[in-house]
Structure formats: C-alpha cells, structure tokens
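Novice: Chains as they are written, first to last, in our numbering: chain P, 10 to 130; chain D, 10 to 130.
Be aware that a few hints might be false.
The list cannot tell twin chains apart, which means a pair is met if one copy fits it or any two copies do.
Claimed, not checked - In silico lysine-lysine, DSS-like type, Cα no more than 25 Å apart, as pairs:
# : residue 1 : residue 2
1 : Lys-125   : Lys-110
2 : Lys-107   : Lys-122
3 : Lys-26    : Lys-124
4 : Lys-77    : Lys-122
FYI, nobody ran anything at the bench for these hints, they're computed from the structure.
2 protein chains.
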Amino acid sequence: MGNKEQKWAYSEPECIKRLLSVEDAMYVIGGKWKLKIVIAVVTGHNRFNELQRTIKGISARVLSNELKDLEENGLIQRVVHSDRMPVVVEYIKTEYTKTLKDVLDTLGDWGIKHKKKITGK
Amino acid sequence: MGNKEQKWAYSEPECIKRLLSVEDAMYVIGGKWKLKIVIAVVTGHNRFNELQRTIKGISARVLSNELKDLEENGLIQRVVHSDRMPVVVEYIKTEYTKTLKDVLDTLGDWGIKHKKKITGK
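Next comes chain P alone, as it looks inside the complex (with noise of 0.2 Å):
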C-alpha cells in the first residue's frame, strides 16, 4: 500500500459503527437541501419567501417538503402567529439547532479547502 499509509485507520468494529452513525446524520441532514436550510434559518431568514430567495434553486414545493422534515427532527420549529392579520409563519431555529454547528463548521471548513484545492484557489 505504499509509504504514504496513514496512522489513521478504524478497526472493523468501529467500521461498522461508522457506518451506521454516518448513514443516520446523512438520512437525517443528508442530501442537497437541509444544511443550507439551516444556515438561512439561522442567519434570520425566517419566512418560507426569504428562504426560497436565499437558497438558490430550491422549489416551493421542494423547501416545504425540506422544512417539514427538519422540523420533526426538532431542527427547526414552525410558528404560526395568528395574533397578526394576515396570519405570519415564521420558521425559527431551536435549542437543538445548535447540536449542528459543529458540523456546519466541519464541512464547510472542509468545502473552502476542497475548493481551493481543485480550482488552485
């Protein structure tokens, strides 16, 4: 295999482990969608319009279906304020949102470098 082999290596058990652990986050925040949906929301885009303008591409139908399923993993949560005519619904970011900074800053961290690597900059 080389001289470049790494020290970095997992043993088959904590293959398996991996595995598993890695497929639940990416069924859960997988996909081309769901983090730049929590960036938006987080950044205080709040309404489902301001998000549909923020993430490029992204079809009405497509971001409703997005934000139903990241709020019942408790990622966001909807708020209907029906004190206000007409009635708002604002899409809010929630105590466990913050469980995925780290990871937000991991792979983004990581997409500037990829990016760096493969353009030269």
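Based on these hints, arrange chain D on the given structure of chain P.
Specialist: Then chain D, alone, in the frame of chain P:
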C-alpha cells in the same frame, strides 16, 4: 422569537459564504454512499467485492461510479497491481483522505446523538 434565542447566528455575508462552502462539500461527499465508501476504505476494505459486501445495499454499478467520483476528487486512489496474476485492483486511501477525518468524526458523533434523541436511546 421567544426567550430561547441562541447566541449562534451568522451575519448575511457569513451566511452566503457558509451556503456556498457547505454546498461545495456536500457536492463532493454528500449523498448516500460517498462517506460510507471512505470509511470502508480507511478501515482496510480495498477490493471492489469487499467494499460491496461491507457497504450494505450498494449496487456494483453505483459503487463503481462513486469510486470514480472519489478518485477524481483525490479522496481515494485506484491502484492496479499488474504484476500479480490475475491482476489485482485496489482502492486505497490517500494523503488527502485524511482531511475528511474531522468531517467523519463530527458527522458520526452527531448521528449517534441524534439517534439517541429520536429513539430515546
């Protein structure tokens, strides 16, 4: 927005930067299979059939395509041992694969915690 407002927030320029960098990352390592293949290769599953056995549910065609994508991005290396009979092909980790360690750790940890949250352990 209630009393549970978090300190964690992105400014608008930071939001745009994050959206793009997370998109870049997910483009390369998002989806159902790519990180699972990386985990299996890092563990030492280096032959095609071995990878297919380890990664439950992946078809030969998809595995083949995913391996090509990962190779193009420098995340695995395809090595042909033409000195052996029959010729042996191996997929091995590279120096660059190591840059994914933090991503895998962070995502895996989040996946474990999230599963505990959803299933109540």
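Novice: Now look at each hint and say whether the structure bears it out.
Specialist: These are the hints, each one checked on the structure:
1. Lys-125 - Lys-110: Classified as both; 23 Å inside a copy, 18 Å across copies.
2. Lys-107 - Lys-122: both (24 Å within a copy, 13 Å between copies)
3. Lys-26 - Lys-124: between (29 Å within a copy, 13 Å between copies)
4. Lys-77 - Lys-122: For Lys-77 and Lys-122, only the inter-copy Cα distance (21 Å) is at most 25 Å; the intra-copy one is 32 Å.
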